[in-house]
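Colleague: Given the structure of chain A, go ahead and fit chain B onto it with the hints provided.
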Amino acid sequence: MIRNFRELYSYRGLLLSLVQRELKARYRGSVLGFFWTFLNPTLHMLVYTLLFSVFMKNQIPNYAYFLFVGLLPWTWFSTSISAGASSISDRRDLMTKVRFPAQVLPATVVATNFCNFIFSLPLMVVLGLFFGVVPSWHILAFPVVVLVQMCFTFAVVYAVSAFNVTFRDLQHIVMNLMMLWFFVTPVLYKLSTIPEAYRRVLQVINPMSILITSYQAMFYEHRLPDAVPLVSLLGVSLCLLWGATQIFESRREEFAESI
Amino acid sequence: MANPPTEDAIVIQDVVKNFRKRTIRGEYTTFKSELVRWLRGNRVSKQGRFIESLRGVNLRIPRGQTVAILGRNGSGKSTLLKLITGIYAPTSGTITVNGRVSALLDLGAGFHPDFSGRENILINGIILGMSRAEVRAKMDAIIAFSELGEFIDEPVRTYSSGMYMRLAFSVATHVDPDILIIDEILAVGDEHFSKKSMAKMTEFKRLGKTIVLVTHDMATVERWCDQAAWLDGGRIRRMGTPAEISAEYRQAVSLAEARSTVFTPPALTEGGGALPGLPEGPPVTDAPKPVPQVAVSRVWLTGPRGEELGTIAPETRAEVCIDYVAREAVEDVEFVLTLASADGPVLYATSTRTDRVPLPTPLPPQGRLRFVLPRVGLLGGAYVLSVELKTGNNANPEAGREARCTFSVSTEHDDRGVFRPEHAWVVDEAPAAPVQAVSVPKHAAAS
Numbered sequence: 067m068i069r070n071f072r073e074l075y076s077y078r079g080l081l082l083s084l085v086q087r088e089l090k091a092r093y094r095g096s097v098l099g100f101f102w103t104f105l106n107p108t109l110h111m112l113v114y115t116l117l118f119s120v121f122m123k124n125q126i127p128n129y130a131y132f133l134f135v136g137l138l139p140w141t142w143f144s145t146s147i148s149a150g151a152s153s154i155s156d157r158r159d160l161m162t163k164v165r166f167p168a169q170v171l172p173a174t175v176v177a178t179n180f181c182n183f184i185f186s187l188p189l190m191v192v193l194g195l196f197f198g199v200v201p202s203w204h205i206l207a208f209p210v211v212v213l214v215q216m217c218f219t220f221a222v223v224y225a226v227s228a229f230n231v232t233f234r235d236l237q238h239i240v241m242n243l244m245m246l247w248f249f250v251t252p253v254l255y256k257l258s259t260i261p262e263a264y265r266r267v268l269q270v271i272n273p274m275s276i277l278i279t280s281y282q283a284m285f286y287e288h289r290l291p292d293a294v295p296l297v298s299l300l301g302v303s304l305c306l307l308w309g310a311t312q313i314f315e316s317r318r319e320e321f322a323e324s325i
Numbered sequence: 006m007a008n009p010p011t012e013d014a015i016v017i018q019d020v021v022k023n024f025r026k027r028t029i030r031g032e033y034t035t036f037k038s039e040l041v042r043w044l045r046g047n048r049v050s051k052q053g054r055f056i057e058s059l060r061g062v063n064l065r066i067p068r069g070q071t072v073a074i075l076g077r078n079g080s081g082k083s084t085l086l087k088l089i090t091g092i093y094a095p096t097s098g099t100i101t102v103n104g105r106v107s108a109l110l111d112l113g114a115g116f117h118p119d120f121s122g123r124e125n126i127l128i129n130g131i132i133l134g135m136s137r138a139e140v141r142a143k144m145d146a147i148i149a150f151s152e153l154g155e156f157i158d159e160p161v162r163t164y165s166s167g168m169y170m171r172l173a174f175s176v177a178t179h180v181d182p183d184i185l186i187i188d189e190i191l192a193v194g195d196e197h198f199s200k201k202s203m204a205k206m207t208e209f210k211r212l213g214k215t216i217v218l219v220t221h222d223m224a225t226v227e228r229w230c231d232q233a234a235w236l237d238g239g240r241i242r243r244m245g246t247p248a249e250i251s252a253e254y255r256q257a258v259s260l261a262e263a264r265s266t267v268f269t270p271p272a273l274t275e276g277g278g279a280l281p282g283l284p285e286g287p288p289v290t291d292a293p294k295p296v297p298q299v300a301v302s303r304v305w306l307t308g309p310r311g312e313e314l315g316t317i318a319p320e321t322r323a324e325v326c327i328d329y330v331a332r333e334a335v336e337d338v339e340f341v342l343t344l345a346s347a348d349g350p351v352l353y354a355t356s357t358r359t360d361r362v363p364l365p366t367p368l369p370p371q372g373r374l375r376f377v378l379p380r381v382g383l384l385g386g387a388y389v390l391s392v393e394l395k396t397g398n399n400a401n402p403e404a405g406r407e408a409r410c411t412f413s414v415s416t417e418h419d420d421r422g423v424f425r426p427e428h429a430w431v432v433d434e435a436p437a438a439p440v441q442a443v444s445v446p447k448h449a450a451a452s
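These protein sequences, in sequence, are chains A and B.
Numbering follows this note's numbering, in which position 69 of the first sequence is assigned residue number 135; successive positions increment by one, without gaps.
Numbering follows this note's numbering, in which position 445 of the second sequence is assigned residue number 450; successive positions increment by one, without gaps.
These are computed hints drawn from the structure, not numbers from a lab.
Among the hints, erroneous ones may be present.
[As the list claims (entries may be wrong)] Per the computed footprint, the stretches of chain A lying under chain B, defined by three or more beta-carbons under 8 Å from a beta-carbon of chain B, are: (1) 79-85; (2) 160-170; (3) 226-236; (4) 311-325.
[Said to hold, decoys possible] In the SDA-like style, the derived pairs of lysine to any residue whose C-alpha atoms are separated by at most 25 Å in a straight line are: (5) Lys90(A) / Val219(B); (6) Lys37(B) / Arg165(A); (7) Lys210(B) / Arg165(A); (8) Lys90(A) / Asp119(B); (9) Lys37(B) / Ser148(A); (10) Lys90(A) / Met144(B); (11) Lys90(A) / Pro118(B); (12) Lys143(B) / Pro167(A); (13) Lys201(B) / Val219(B); (14) Lys37(B) / Arg157(A); (15) Lys90(A) / Ser136(B); (16) Lys37(B) / Met241(A); (17) Lys143(B) / Gly79(A); (18) Lys90(A) / Glu159(B); (19) Lys37(B) / Met245(A); (20) Lys143(B) / Arg165(A).
[Stated by the list, open to error] Not the full set, but computed from the structure, chain A residues with beta-carbon under 8 Å of chain B: (21) Ala91; (22) Arg94; (23) Ile239.
Beta carbons are placed, not taken as given, at the ideal position from N, Cα and C, and that holds for glycine.
Extracted from the complex, chain A is given alone in its bound form (with noise of 0.2 Å):
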């Protein structure tokens, strides 16, 4: 794992220049540019609200803003896993015809997506303020709360990427399975909502709960993120982490002829 991240490290100038790339890909051609950036989630948010909080009558105050907060770092997760899972797959071009630092590729869309989140909240943070909502000091403990999803994400890409380039349909079961989970992840609900019997259970094999539940104790409910469950949880991706680069690395070799 070490060994896999000092390469990584090694290639920083090849990752910046692909995440430089894939960013301003994204944007150029397209009139608005930048500002799609804020316009993906804002709509997202829009069509939540309108259906959870005029529809459905929903309880919970300032709930767009509420939304907001969960929403974004699912975004990020959940963009890098199903971008991320063709990463290598798709790069023939690369793997085949040059030596290729595999491993840049799915960190180019972790990355890529974490800049994404990076620039949107400043959006957040103004639509708090709409709502009245001031940050409080507790934000401090956000760089924590990213670092672990950070691991957690990178553990999974990585994961999926290497099992993708063998096992193509794995993209499409992954595209399945992200919606699933989006629903049993506390984004457009209050863990709170769910029955005490399930909430247990659902802390414990859903790591994003406990994620997506931190930032709203930072941002919204202005405390700071219950420790044990973020502390074990950054162990558990470290867990996963190493499983996954030992994954990533023993079928390595195999990319260039299996694509």
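Modeller: Below, chain B without anything else, positioned relative to chain A:
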């Protein structure tokens, strides 16, 4: 470098490379297909799942040399290059590479059509192993070399294919590697640009870089390379001088064609689909075979001062020396001399009988014939001289056997055609009398 300094840039030892069959057939495994197979209870047998592409390659590529790898389509050339580059890992065996490798296996890796040429240079350069600072520093040189002018700031998708290749080639050649690996891509762009890329290659050679080249263009091989390796049936069949190897390779191919061997993909064929072996003729070297009555033991070319030459200039005097050995008193012997260009066509053929050469009868036990050319008169390129021995009574087991030698003509002239006639240009002030031809070329021999 920590390694002890070696003479060899690349050392390949007993390298075997197998591919899974499914990757060759182009079917992807999916969860669905695996599930279906599992439900049906099909187990794929262990044998027959692999395809042997390379079956034990041993190759040393000395530092600073240009080495060509020849072989049929599918004989494993590209696989070998990819192994050297590190894209593939060998199934067994070791590959040691001393120095920074840059591979021109495919041009324009990672080009993004929506980005300008300039932006793509950056990404492509980094992908090929340069640092950002390095690419920035070389940016102007790369743009100048590509001759794209102001198109460099246009998106790559608007480029013509020639422009695209030029840009890609420019980046690739500016990587500044120790070892350059090239797969069939020297012919880029129009004549002007391909001259430029050739010049770039010459520069690489001059700087003492190691170049490994795969090509089917024998002229390139003979002009550029110091050595050639012939990859056949997943093994190195021969390694030697380019002229030797390419002549032998051509012969084997034409032999296979003559025997109407079906050209199947070698890796899928039993025994690796190697080309047929050549009849054991006495090639370039001497060593007279046992018991022939008469045999040509050696043919070679000498220069103006009688020294043996492999390369000669078109305007010099040359002699073809033919050594023969006669065990018995043979009468009625004919030496047939054929000059052919290395890629096949016969340029000239004559024999002692045609030219009514008085040979001593019977032939002395040993002797030498000299075929004197006051002036070589050939264009630049590689040629094959072969001498065939015919006896009247046909009792000679060696009759019909030939000895050959290859040589090349190097010239600074840019003339084209079949041969170089003796000529001179005369510029007259005004056409006074009917134009008189002064040493103007006679009729071309080809007509």
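Colleague: Next, verify each hint and record whether it holds.
Modeller: Here's how the hints hold up against the structure:
no., hint, in the structure
1, 79-85, "holds (count 5)"
2, 160-170, "holds (count 7)"
3, 226-236, "holds (count 5)"
4, 311-325, "holds (count 4)"
5, Lys90(A) / Val219(B), "violated, 37 Å"
6, Lys37(B) / Arg165(A), "violated, 31 Å"
7, Lys210(B) / Arg165(A), "holds, 23 Å"
8, Lys90(A) / Asp119(B), "holds, 10 Å"
9, Lys37(B) / Ser148(A), "holds, 19 Å"
10, Lys90(A) / Met144(B), "holds, 20 Å"
11, Lys90(A) / Pro118(B), "holds, 13 Å"
12, Lys143(B) / Pro167(A), "holds, 23 Å"
13, Lys201(B) / Val219(B), "holds, 19 Å"
14, Lys37(B) / Arg157(A), "holds, 23 Å"
15, Lys90(A) / Ser136(B), "holds, 20 Å"
16, Lys37(B) / Met241(A), "holds, 16 Å"
17, Lys143(B) / Gly79(A), "holds, 16 Å"
18, Lys90(A) / Glu159(B), "holds, 15 Å"
19, Lys37(B) / Met245(A), "holds, 21 Å"
20, Lys143(B) / Arg165(A), "holds, 21 Å"
21, Ala91, "holds, 6 Å"
22, Arg94, "holds, 5 Å"
23, Ile239, "holds, 7 Å"
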